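**Q** Since each chain sits alone in its own frame, please combine them into the complex, following the hints.
From first to last, the protein sequence lines stand for chains A and B.
Counting from 1, position 92 in the first sequence corresponds to residue 992 in this note's numbering; the numbering is continuous, with no gaps.
Counting from 1, position 105 in the second sequence corresponds to residue 954 in this note's numbering; the numbering is continuous, with no gaps.
Errors might be hidden in some of the hints.
Claimed, not checked - For lysine-lysine, the following DSSO-like pairs were computed, each having C-alpha atoms within a straight-line distance of at most 30 Å:
#1 Lys999/A <-> Lys1018/A
#2 Lys1024/B <-> Lys968/A
#3 Lys1024/B <-> Lys1018/A
#4 Lys1024/B <-> Lys999/A
#5 Lys1080/A <-> Lys999/A
#6 Lys1024/B <-> Lys941/B
#7 Lys1024/B <-> Lys972/A
These are calculated hints, taken from the structure and not from any lab test.
Bear in mind that the values here come from a model prediction, so they are computed numbers and not experimental data.
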Amino acid sequence: MTASAIDTPLAEASGLVLAYGNHVAMTPSDFTIPAHGVTAIIGPNGSGKSTLLNSLAGVLQPRSGSLKVLGKPASEAYRQVAYVMQSMALPEGTPITVKEVVAMGRYPTRGWFRPLTKSDRRRIAWAMDLLDVADLARRHLGELSGGQRQRVYVAQGLAQDHVAVLLDEPLTGLDLVSAKTIDDIIHSERERGHSVVLTTHDLDEARAADHVILMNGHVLASGPPEQVLSRRNLELAYGLGSLHDSDLVFIDDPEHGDGPAVDALNPPNPSRHNHRHHH
Amino acid sequence: MTPLDWLAEPFALGFQQRALIGGVIAAVMSSTVGVWLVLRGMSFFGDAFVHAVLPGIAAAMLFDFSPYLGAAIAAVVMVGGIEFIHRQTALKEDTAIGLLFVGMMALGVAIISKSPSFTGSLTSILFGDTFGVTWAAIQGEAVMAAIVVVGSLVLYRPLLGLSFSATKASTLGLKPRLTHALLLAMIALAVIGSFQAVGTLLVFGLLVGPPATAALLSRTVPRMIATSILLALAAVVVGLTLSYRLGTAGAATIALVAVGTFFVVMHATWLRRILARRRAARAETRAQEVTA
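Chain B on its own, in the form it takes in the complex (with noise of 0.2 Å):
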């Protein structure tokens, strides 16, 4: 077998092609829109807000109506309820997002449990159900996908505006609100539309990962962005090889080599920081003793 053989091997078959293809647009569109999730210091709500999506899923599986609309709602359900108890009352907002968070999650497994196939359901919902994506799951991911990719490159300005401070935002005329309410919009857009690639929980690895990692690399957003992207497409690439030779389940190792990459770049870059520093102190000592 050659190498070639070796890599296209895990993708020869028509639903490992989709699981790529499905994994590549969520990867895509995750990462991008995560860069901004990542800038605004927003990954708790991340996290909760793919697990809130739970019961509208569930709900849409047990009553036969669109996932999609299902997980719009329960989206829209815990947007309005964290800010109706930041409102109402004086609590933060994670502990608002928490209490969502957990309420939200409890709701989704209580109403799976009322179908028969309880534990199939939860884990597809939850975990991805990456070989089994239809092309008419993929065509609907497809165009969420452009409508985040688009959205997150022309809303740069005020997006930028927002992650370097609301209150310079509003003065520079760029409705802060109003971003952050797209912001949530797209970042809602990107979880319902991997939910079945990836899943609503795994999705998180590469909302965050990606980003996390790119932010290390870049020196300014734009690169951030397309730094982003291309570590979100090689964790799919490498996760469904590994997944394939492993034998593990797809989203779990396309998540895990996302978060895995972010600890390698890290190391790496504070190794260099550390051999950089001693070579600058070699190179002084050099020179004192030149002097001397």
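Excised from the complex, chain A in its bound form (with noise of 0.2 Å):
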């Protein structure tokens, strides 16, 4: 990789608006995402974060404003693009085994016609067993469990070629093993210098990333997460009574890192564990 690859931000954003149809979910921002490191996007529930992770993957056109990943149009960057589906997310009625599913991470290597090649297999069969699924290969996707399918997911992300990984809430409602396995993916894949950009509702998750943005219809904040995710910004990103009537938050004060400021922000969830990123 030449030095200037490795500099280009993997997206730059300037008045970038994102809308479905009539809906805008994103009005006019501004945000860079670094090359390597993992970036999380923050906010409340429909403040836009997977709208904007699929613009990162191209699926999205820019309404209005400008995009650029990895220096290009993000249509033009899919290649070199990892997108990991959502584990809920579940072709239903479509016969496919895990296998397959993972296979389909070398299409854009392959495009439509051409045939897998050996080299091919030799990396289904590593992310497969990165992932722990290579026991399930031969299993039909809608058998397995929502920890299990993100783990499929993930290893199909991981199958692709790519310099950059985008994860739709990867770790929301996965049993500890799934969640474990995948957080170890995220750190592995950050020590291999690829950029690991993923949505979250958890705060403890936002604070162990590299950079951080915060949304709300918008991007709030974007920059290293003990500047993004002070009180003054979490209060207006979730609202002011949220956060205004708790004596609980520590969120801008080091001293009380993990305080239980995160419960007033999410709802219980029985596989949230604390996967720092920074060790």
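**A** Here it is in structure tokens:
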């Protein structure tokens, strides 16, 4: 990889507006997502997190403004960007095995027609081993638990040639084993010099990231977590009422970093655990 | 009469053989592209589509031009109309499909009613003229079938991606919008190519029946396609045999067999599940008795 490619930010947006039909999901926003490291997109429900992820994946075209992914229009960067679907997403009725789902990760490289090679098959096997789904290879996607399915979707992303991974709420509602496995992958991707972008509801996850984008219908703040996740910003994002009454908020206080403030923002989630990306 | 004669008799004459060949070709193309139609959850669209080609074919008969061209124009009008309503209004797609469905059907009946042989023309378009299929029609049908079957197999990756998730397909560079358009074109070809052999309405039995049955029996899409083709071929042979023996309409009997097979297989799989569960429960009880 050339030096200039390494220095190119994962994404650069200016005046970016995102909309579905008549519904504007994100009003004009400017932000930069650095190359390498973990970026967390956080915000309340319906704040446009998944929409932003879709635009980074090139699925949703900007309504106005500009968005460059790896220095190119987002729709042209798909070969280098692996997009991981939510575990809830299940193509019902499509008879498809785990191995075939993971193999789809090779389609961007092989295109519509070119057959898979030995090295493709090795890559598929490697990704399945990494996510611990090799023994599920012949299982039907519909027979898996949510956690297993999410691991299969991450394996699909890793089977793809990529420099960046986009994950839509990768740890939400998962069993502990699956959450741990995927959390490890987030670390290892970061260590390999790849960019990881994930959406989350969880303040702990956001604080553990290298870079945070706080959303509420637009990008409220973008930068290092200690700067972005200030009490004032969180009040702006989640509404004054949700934090105002609580004396338990210690978000901008490093002494109380793991205080119960998160509980004021998040519904109880049995699988939540502390998966910091910095050790 | 030997059992072999009993089976061969319905296909002894030239027109019966043409009916069989026309039906077999219709079965192969419809059941192949039908797999993708079922996986995409487009059955209602398919149903509307087979009605919507009627005015094109009717106009072709009245003004004496190729019925294939007429059906193709009607297909384009139908798809364009749905897309136009979808873009201009906030209505859901099924409402747009429903509007075009009845509108095009009514237009077709109105056009045919201007023809002197109203009932005969309408019946043969809608329900097929199985025993009146000509060699020329079979040739045209074979060309369209080749395009549809090759297309359904060659476009395996983009079609699988689209059935899996349009969003995911897009991020894999599989161009879901183009794939969807190609799928519509293949469905249109299957309907247009089959209408003389099995009729525009009853081709729907082969588009949905065998693929739906195959879905109950298959764990992968390639197996689903193979099973669907075999079931469709069986429906044609059994349907035509029954039609000969019972004196019923050819295309209708084929469609009835295709759909009837679905219910038989559905019940058989349901029964198999129950028996398997009982066997497992019995084995468990026995194991408990042994331990006790």
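**Q** If a hint holds in the structure, say so; if it does not, say that too.
**A** How the hints compare with the structure:
1. For the given pair, Lys999/A sits about 15 Å from Lys1018/A by alpha-carbon distance, which is consistent with the 30 Å threshold.
2. The straight-line distance between the Cα atoms of Lys1024/B and Lys968/A is roughly 20 Å, inside the 30 Å bound, and the hint therefore holds.
3. In summary, the hint linking Lys1024/B to Lys1018/A is supported, as the alpha carbons are separated by about 26 Å, within the 30 Å threshold.
4. At roughly 22 Å between alpha-carbon atoms, Lys1024/B and Lys999/A fall within 30 Å of each other, so this suggested pair holds.
5. Distance hint between Lys1080/A and Lys999/A is fulfilled; the C-alpha atoms sit about 22 Å from each other, no more than 30 Å.
6. Restraint check for Lys1024/B and Lys941/B: the C-alpha separation of about 23 Å stays at or below 30 Å, so the hint holds.
7. Taking the CA atoms of Lys1024/B and Lys972/A, the gap is about 18 Å. The hint holds against a cut of 30 Å.
Checked against the numbered hints given earlier, the structure satisfies every one of them.
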